[in-house]
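S.K.: In case you want the letters, here they are:
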Amino acid sequence: MAASAGIVLAGGRSSRMGTSKAALEWHGSTLLRRVTGVLARVVDGPVVVVRAPGQELPALPAQVDVVEDPREGLGPLQGLAAGLAATADRAEAAFACSTDLPFLHPAFVRRVLRALTDGVDVGLPVALGYPQPLAAAYRTALAPLAERLVAAQRLRPAFLFGECSVVRLDEAALRADPVLAALDPDLDSVININEPADYAAARSRTAPEVTIQRFGALADGHRGPQTIHAATMAGAAAAAGLALGRHVVAALNGDQITRDGEMPLATGDTVSFLAADAGG
Amino acid sequence: MAAGGYFGRALVADAGDGTASTLALPDEVLRAFVGGVGLGAWLMHRLAPPGVDPLAPEAPLAFVFSPMVGTPLTTSAKFAVVAKSPLTGLLNDALASSQFAISGKLTGHDAIVVTGACDRPSVLLVDGSGARRIDAADLWGLPAAEAEKRLRERLGRGWRAAAIGPAGERGVRYATISHDGRHAGRGGLGAVMGAKRLKAVAVHAATRVASADPAAVLGAARDLRARSFGPATAKYRELGTLANLLAFNAISTLPTRNFQAATFDGAPKLAAEDLSRMRSVTRGGCASCTIGCEHIYAARGGKQMRVEYENVFALGPMCGVSDPDDVLAASARCDELGLDTISAGGTIAWAMECVERGLIDAPWLRFGDGGALMRALAEIGARQGLGELLSEGSRRAAAQVGGGSAAFAPHVKGMELPGYEPRTMQAMALGLAVNARGADHNRSGAYEADLSGEHDRLEGGERHVAAAIETEDRAAVMDSLILCKFLRGVFSEPFDEWAALLAAVTGWDTDGAELRQTARRIVLAKRAFNIREGWAPADDWLPERLLSEPLRIGSGRVATLTPGRLRSMIDGYYAARGLDSDGRPDEASLAGLLLS
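In the order they appear, the protein sequences are chains A and B.
Heads up: the first sequence begins at 520 in this note's numbering, then just goes up one per residue.
Heads up: the second sequence begins at 57 in this note's numbering, then just goes up one per residue.
Hints are supplied without guarantee of correctness; some may be wrong.
As the list claims (entries may be wrong) - Here are the computed lysine to any residue pairs in the SDA-like style, where the Cα-Cα straight-line distance is at most 20 Å:
1) B:Lys325 <-> A:Gly743
2) B:Lys205 <-> B:Arg189
3) B:Lys359 <-> B:Met430
4) B:Lys359 <-> B:Asp330
5) B:Lys205 <-> B:His260
6) B:Lys325 <-> B:Phe423
7) B:Lys541 <-> B:Arg283
8) B:Lys541 <-> B:Ser508
9) B:Lys325 <-> A:Arg742
10) B:Lys541 <-> A:Arg765
11) B:Lys325 <-> A:His741
12) B:Lys541 <-> B:Pro128
13) B:Lys541 <-> B:Asp552
14) B:Lys541 <-> B:Ala282
15) B:Lys325 <-> A:Pro744
What the hints assert, rightly or not - According to the in silico footprint, chain B covers these stretches of chain A (three or more CB under 8 Å from chain B):
16) 728–740
17) 776–788
Said to hold, decoys possible - Far from chain A by the CB rule (all over 10 Å, computed), these chain B residues:
18) Asp191
19) Thr263
20) Ala282
21) Met334
22) Arg335
23) Arg431
Please keep in mind that the hints were generated in silico from the structure rather than gathered at the bench.
All C-beta atoms, glycine included, are put in the ideal place defined by N, C-alpha and C.
Chain B with its partners taken away, still in its complex shape (with noise of 0.2 Å):
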């Protein structure tokens, strides 16, 4: 019998034939690597073939829950969606949340895994008679949210769906998975979806799951649910992440016109501050969540639409654009193609500056041209004119378009960068350098150390290092249990109070030592998976440009992060985490990861 908050099975579906089969899910596994993004890892090194091209029909595409899921824990109606990305050829995992994350694990899976692919657009369904195929013709071409709702209106709404847009359909590199409006962003993953020929994976839940104390489990809930009310999550319920735009231009933290400059003049008209008292039109939240982070802003043309901070920074200063109009309308066209706005941004302020440089001739992409930014997000939906280029994410262009545009490309891993400038950041200059999916704040919140006053941040070192690894750590933990991070500044003891929820849900005798121990393993197995698919030491690194051209701060200051303080930042990380010094794990630490 499987630990509480648990099934102790995975479904594996093949899109190609329809069929499924049961994979069972050990609870040493399950304790070893938890859920989320930890067991997600754990399948992709079981069932992903070794150098598979994550676009064939043989790569895995992975949902994974966690045992929160279903809980009354605040934020916990979370799922993972893991694959290897074909924007960085390694490992990928992409959260999202709400209500697939509940009905998909209560079809009686701690996982739902597909394979294969369909010879026709479909959708894949799986509830508790396993998975099936019908025909999604009058589907493909449709935005995730417009094909979510037609699922719905013909499946009945018990069922939910995670949809890609046409961007995944047509393979762009930085496609998104949605459900609810919300996406699985970073990697690609709704270009896998796509090149299996799945619109959407629909889900019915069909049974129950216990937590082993229920009781414990109920006061916790109420307990952090209380704490969720408090000054931790203030700036999330009452501006959203977008308060951290004007806060970074003021602290020469926000990548503008592709990491050019680090403050932006048309910051104030992006404010959260002025947008929400002119543009708000209502707050949300995800199932499960007592936080309500997400604030709906009126667009252009009557539409609505959350406006997240990673957004409005892709779309407007790191393309040098300042008029809200253009950028949430930007972001709108976004979510409407399926593509993640911060690869998308990325790359087009990328080929914003080769056009100034004369190295792509498209004289209409211009920094700070609204119009210029719709018009190459619409091509890059479609895989037209430019857009067959940007596509492929600021990498593969930078190789194809060479005359030295790879050393401005914003990438690392072929990732492209978020909004947090690594030269006044260093802490998380380390954390976006050696972090398994490439440049990531997610994965590797390290920025958090940088913002705390522990350290200088201009001059990264030691301590630099040791907050990078305890962040990353800690990020791991959350996002396998599976727990918001908007919710990590109400835990003071954070690893002994994951460990006390996750006791009373899976009745595991379980500490913060453990899961100290669980964060380390599962970081190390990402690792281990990046390494048999291909990484190599460089990839550990930061786009050139960042290490040769210092930033002159507001105080007069000047950030400098030089080649030599990375290496010596990644030397300590290496070491630190017990990795020889190519970063590479010895048999031993291996041995220990049960992937074999």
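Isolated chain A (complex conformation) (with noise of 0.2 Å):
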């Protein structure tokens, strides 16, 4: 049993962006693979992507599972009910989020992921002024609740806190991790797009700032870290003047190994680009 799994709700409407927010650009990547890989960063469990019936979703890595969301349009307490049923027989706990958060970023998600201390069910952040139940961390044990308030037509999110065990986390809580602070100060993680004026604020914000760094041959005179910015490993790997493939790999923040050119990027991040012919 894994710690924690990753939920992404992608079967709301997106009536009001008036395509599916799932599928939009940004710098490179779809929202939806970003936030799926987001989580994929910080959970050692699965990441599931809930979707409406039939519903078309962008290119996802293999290992992202996708269920389907089995009555559509009853809201996020249905969707994040699916979510949770997907993942109780293999993870504690979840984060749950929408699709539309372009700065979700993972020292939010392991910030939220540690309130939920031995009792707690919910770790729900306040931030921007309002709870945000689509970038919180949830219990998986709790499916079965969720379920049946589903059922009984109870399908707010505040419905569920109020028979369960909930911490808040306002923006002093939240902050109060130096980490956090330190690379999401004004807490966008929780940003979320509705319209396509923000859409449109998003795609104008440059991507991450990250810090590069090649090694060995593929150093080419360029020795010592590099701050650059990119939203994604390809897009990090162009502004070395690489690609990644069979010869050149790419370790993020000294620790996996990729060379999946999707993988999402976040502010403060480090690339190490190797060669992957290491040995020797």
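Two independent chains are provided; combine them into the complex using the hints.
M.R.: See below:
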């Protein structure tokens, strides 16, 4: 059993946007690909996308599970119930969010998941003036309760919060995490996109500031760290004059090695480019 | 008539009386074990008396060639030295390169096996007329390179020699055998040769050997040559293996201060990126090689030396030493003495920690002290002072010192760990644990999988097992063909491509599927030899430190390799290899090995 999973609710109608928000492009990736990738960077269990029946989704990595919301149009609690049910036997907790969070930062996800201490069922951020149930942490054991509430047509997340133990994380509590305070001081993680104007504003912002470093033969005279802006690993590689592939891999923050150009990057990341032929 | 590329025989020379005989190598044996480490394993099964003391006269020491040797195929001028290891008590093979391989094979033998022991320091000469001994009293005590040089002056430039240094003469259990500056480094083969009172084995070409399809071999050689200039070998050409160091530091895989950390503050001082710019003198390569991976650096005192990642890791971060002059000088000293740098550095680092913990009374031996490192090497080479203990390797030394020091003795099966942190490379952790030779990065290249991005390198599981088996199989074939592993990246379908090369040389109608079976056979033959020599299931394991001390890495994640996880991976490895739960093959598997 993993400690945590990720749940992305992609089945909303996007009626104000007028097009599927999941497929919206942001600095070289789709919003859904980005959000699932951010969650995958944090959780040790599965990442599950909940979609409407038959909904077309943009391309996702094979490791991402897709489940269908059995009843369309019942709102976020229905999607949350489906996501919790899909992760309940694989993880103790899940960070659940919507697909339209281009600035979601891994440090935010970590902070919110940490709120689930013993006896706590929900870690609910209250930021930018609102509770953020679609950027929150849940015990997956809440799945039956969520399903009962949906069956009873009690479809607002507040009904769920009324029947379990909730820790509310206000902005001060969130910023008390020095890592989050440094990397997402304005709590942009919870900015969502509802209308074309929101999307235009999001696109006008520069990609995250990250540090790249090239090692060995890849350095080609570029010794030491360099600051660039890139939202994906491929973007960072391009800024380094490299292409990920058979002979070039990247390490994210000294941790996982990848050739996945679509892996999302966030402010403060460090990307190390290495020769894949690492023996000797 | 033997297949193309082979003579179909081994020379078995008795160093005790200077006589020699010929051992026929049937075609089915050659096809089953190919050459190099594979054929060496078969020869040890056949010629090593069960339970033999590795340093006893009757212990065989084999120089094994391969069908590729002497062809124009790039990187093929390699030979394997194979014996029962005085360090591990198990099968040991080590590769070296260059003209000795070609001249040795062209004495008319696919292998030269030495048994017996001389009554005084000698050199064994092998040429077309067989074997004979000459006195080597004047060479005894010299560094291997100097002995090799004087031998060629005495015998003529057509002779090529593999020699030992003072450490091999004195029985240091991790002494090397060297030729032309390259070392059959691991496992103490130099001590085996020293125990025979052989300063060197010298060979002189006397004949030729033809490939089955010379035109096909030439075509393949041209193709491989072109591919050897591509991106797969860029790292080796441009900076050499030392390029690993700074990259490994960035991803917390650089063992530091006897595996107490996986990053080293002094790493930038030892980085190839800077050292190359400031110290590089020239590049070199083995005979028949187009890669040219050897990077020659200027060291203190006007010396020039080859620099490899493993040297610098073992004598630098592992011992906490960051001054490049100290590290290069220590590496040069290991070459002079004939010491395996990895085992030397690992054993000294263990001793430094023992001093810190009050288990060894040698206050001068401190992490980070380059002078202390040099003194320790000198004492090991002379087997004097603390060197008497440290010349035994970390496993035996820990058994003597006690006090819990075995928990942090950095070895598997007695062989010191190379520069790959198992907790942050968990496919490699498995490879190191189960490999026949002990903690070794050349017979198990699972680090490649850990660095591929194909799995989470910190969470060992089924995929890591599959990766460790695949890379072990590939190594078994490459080390038997023999082709340099630095060429491995140019092959997109390696088993098929290697089979095509082997078919062109030998004339065998072989394919990639057969070579995969060959790989499994070789891996199993090594394990079977070890079992015969007393291997126990507990030998397939890692040092306690690696299983009890988690590492926090740069991302904040904690790398933990629990005994349960390692056990699970080992169980998976055994199952996939067709072994029982104790890691032993069944009788039917052994019957197919042509060992009896």
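S.K.: Of the numbered hints stated previously, which ones are contradicted by the structure, given in increasing order?
M.R.: The structure conflicts with no hint, since it agrees with every one listed earlier.
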